[in-house]
Amino acid sequence: MEKESRPSWDNPMQFVLACVSYAVGLGNVWRFPYLCQMHGGGGFMIPYLIMLFVEGIPLFYMELAIGQKMRLGSIGAWSAISPYLGGLGIASVVTSLYLCLYYNVINAWSFWYLFHSFQAVLPWSDCPVNSNRTAYLEECEVATPTQYFFFRETLNISSSIDENGGVHMGLALCLLLAWLIVYLFIVKGVKSTGKVVYFTATFPYVVLIIYLIRGVTLHGALNGVKYMFTPKMEQLANPQTWINAATQIFFSLGLGFGSLIAFASYNHHNNNFENQAITVSLINSGTSIFASIVTFSIYGFKATFNYESCLERMRLLLMNTFELAEDTVHIDNISFWITDLNRTQPEQIAAIASRIETCSLEAELDTAVEGTGLAFIVYSEAIKNMPAAQLWSVLYFFMLLLLGMGSMLGNVTAIITPLRDFKVLAHSLSNETLNGLVCLFCLLLGFGFTTRSGNYWFTMFNEYGATFSLLFIVLLEIVTVSYIYGLKRFEKDIEDMLGRRPNWYWKIMWVAVSPLLLISLFVFYILNYIQGGAPTYQAWDKDVGRSVVKEYPVYGQVFITLLLVSSVSCVPLTALYAFCTRHQRGVRVSENAGHSVTSTV
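The letter at position 473 of the sequence shown is residue 473 when you use the numbering used here, and the numbering goes up by one with no holes.
For the record, the hints were derived by calculation from the structure and aren't laboratory data. Wrong hints could be hidden among the right ones.
Claimed, not checked - With a cut-off of at most 16 Å between alpha-carbon atoms, the simulated EDC-like pairs for lysine to aspartate or glutamate come out as follows:
#, residue 1, residue 2
1, Lys507, Glu491
2, Lys232, Glu141
3, Lys542, Glu274
4, Lys492, Glu138
5, Lys191, Asp366
6, Lys550, Glu139
7, Lys550, Glu163
8, Lys507, Asp493
9, Lys226, Glu139
10, Lys232, Glu362
11, Lys195, Asp10
12, Lys507, Glu274
13, Lys191, Glu347
14, Lys542, Glu141
15, Lys550, Glu141
16, Lys188, Glu495
17, Lys195, Asp493
18, Lys542, Asp10
19, Lys188, Asp366
20, Lys507, Glu495
Predicted, not measured: the structure shown is a model, and the values here were computed from it.
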């Protein structure tokens, strides 16, 4: 490997923006709000911020220091520390490859929604008519127009993972476009990436601010914001709350993928990465909280709209059934009328009992929706009810694209930088060719996610492709730095770059707190996986218009096992290869020395 003539960022600001663009991604917009909702709103902030300072920032600092000191990608950096640890870098590359395969599919979905936003009527606003053109499609009416558009129009999803079907050509073209843009962003390495991040790291904040202004002025928005900041302190006694807080910090900052090591390897030797680590980590977490305010204001609008729509249906039902005057029944006194009529006319109330709904704003706000459901269903449902819906739709999905593309820059760099460090590849392939081959390889494999069963494989990669391996990688990273490479030696490296040694806070985190926390997370993940039984997935049932739980078939479970162990196994296999190679080399040296002695005699 080589470090000579290594390109570098034009200035420290480019590096900071690259890290912000990579770390601030789709998880800030959809997963963090979901976790807040699930774990007691404002109460979730307490474990989240604690985990930021005991886990997130110290590990972020450590990866930047390693990359800047070694000036190599993940494979080269860990091989330089110990020839037996090259597999740690390979594991990071494999994990980043898995992430690249499915993450850009989300960008393809964003393109699909963005293109469909330029219509006079948003296509997820109403159900399509049936083949006889006599009524709306029953499947859509049973579900909702937004769910139908996502599952049936966007994904063209099958009823199970066993039903494969052909490629969705529209979605495949969107994926091709997504990979083409990624390639253009990275075609010249850091020289092109460094210019792109000025836009990908900043413009999403412009959209978030616009959405915040619009969101808080929506009817019912304050119901959502109040819900977010009303803490349910009993959740602090729930171990799952703390585990999810730690996991969110861990993945939100992008630790273990090798992206941070790759980015830092293009820094100058004396760059002040300590301040940058703190700055980027705080920006990332601040963005999660800021984006949650935006999300919950829109979520409050949607919940209030659904709640008042429910009350309006009940108002019309009572008026039509009991021939009540319109000016006597309002949505504010529905409960009073139902109670009064149940007392005075119980037989008539019993006759319409099956049509009476329980309208509850709290229940609407308590409905937790995670991941793609929040980004592509809940937001779409809220947007369609806004004035100038097309404008807000374009802004939202363009923001999602920028967030996704910014993260993709880091994901692809984590693969390309270690490959570029190898002399054979560096001398035989230009930047443009190597980058293009990586993007083409990921594109071809990614087409599998655009088939009718592709979303089920997407879910498999999302749930099992990175979590276990990243916990293992980062745990091994911090153990290696603190106990194999040695904390004293690491301190001297930092002093050589910054002119000062790290203070007690960093050392306590690296030696004790962070390793113990990671071990706890790692053990919990294994136990949870073992106790969870056979893995399941959510399959779309067109007959009932909703997702149902199904168990993965045997080949799916085998593939999940391969995902879990494929990247982790790189570490012992590479160590074994290094041991055998060094042993063989030692034998040859001994034999040559013996021959020399014999010939001399």
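Q) Can you list which hints this structure breaks, lowest number first? A) 2, 3, 4, 5, 6, 9, 13, 15, 16, 17, 18, 19
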